[in-house]
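Peer 1: Residue-level listing of the chains:
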Amino acid sequence: EIVMTQSPATLSVSPGERATLSCRASQSVNSNLAWYLQKPGQAPRLLIHGASTRATGIPGRLSGSGSGTEFTLSISSLQSEDSAVYYCQQYNLWPLTFGGGTKVEI
Amino acid sequence: QVQLQESGPGLVKPSETLSLTCTVSGDSISSYHWTWIRQPPGKGLEWIGCLYNSGTTVYNPSLKSRVSISIDTSKNQLSLNLNSVTAADTAIYYCATTKRWLSFDIWGPGTMVTVSS
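Residue numbers (this note's numbering), protein chains in the order written: chain A, -2 to 103; chain B, 24 to 140.
Heads up, some of the hints might be wrong.
Away from chain B, derived, C-beta distances all over 12 Å, residues of chain A [stated by the list, open to error]:
id : residue
1  : E(-2)
2  : Q24
3  : N29
4  : Q39
5  : R42
6  : S73
7  : S77
8  : Q86
Stretch-level coverage of chain A by chain B, calculated; a stretch enters the list once three of its residues show a Cβ under 8 Å from a Cβ in chain B [to be verified]:
id : stretch
9  : 43 to 54
10 : 59 to 67
It should be emphasised that the hints constitute simulated quantities derived from the structure, not laboratory data. We treat Cβ as the ideally placed atom computed from N, Cα and C, and that holds for glycine.
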């Protein structure tokens, strides 16, 4: 199975700053990568699909990039509402796999 | 907008079968690809399996011998059965769906299942 590795495990940033989250795949997933956000007590929410396409309703200060094995989620002008755990997920090959998550603390 | 709601027993005894239902409202269940995903307390997300194109199923190899996912179009429901459960199956279970290929943009709120005697 494809192993997804996210870094860092925890990211502490100040309001207004920019956060950069990384996701690495153990083999190429092409652009078949999604990013999700999960807040405590809530279901995950899709942010990005196709590595760089924002899901409906996601603001432009979130952007995804990368292809193959290296991916990045960037969040600019961080706000308190961005505090959450962020997961990447590959859907290039079965089984679908998730990264371990990055916790963003504002 | 389609909405999902998971339901089922919150407590299951070891060695028994965990059975959950995801009730779909707002659209036809046949129009989507479906998945079950679980999350043990305080841990990350684990994919259980998918049902796509209204009938094809694929399961996580780590669970394959114990899991089945099915669809009831007459009731607009998705079902999950996981047999021979152990404490390691204790988790929040989510159903999720998409019309795209396998990035899931609609999720149920999840249902907590505890395996304990």
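Peer 1: For every hint, state whether the structure bears it out.
Peer 2: Evaluation of the provided hints:
no., hint, verdict
1, E(-2), "7 Å, violated"
2, Q24, "16 Å, holds"
3, N29, "8 Å, violated"
4, Q39, "8 Å, violated"
5, R42, "7 Å, violated"
6, S73, "22 Å, holds"
7, S77, "23 Å, holds"
8, Q86, "7 Å, violated"
9, 43 to 54, "holds (count 5)"
10, 59 to 67, "violated (count 0)"
The structure is inconsistent with the numbered hints 1, 3, 4, 5, 8, 10, although it conforms to all the rest.
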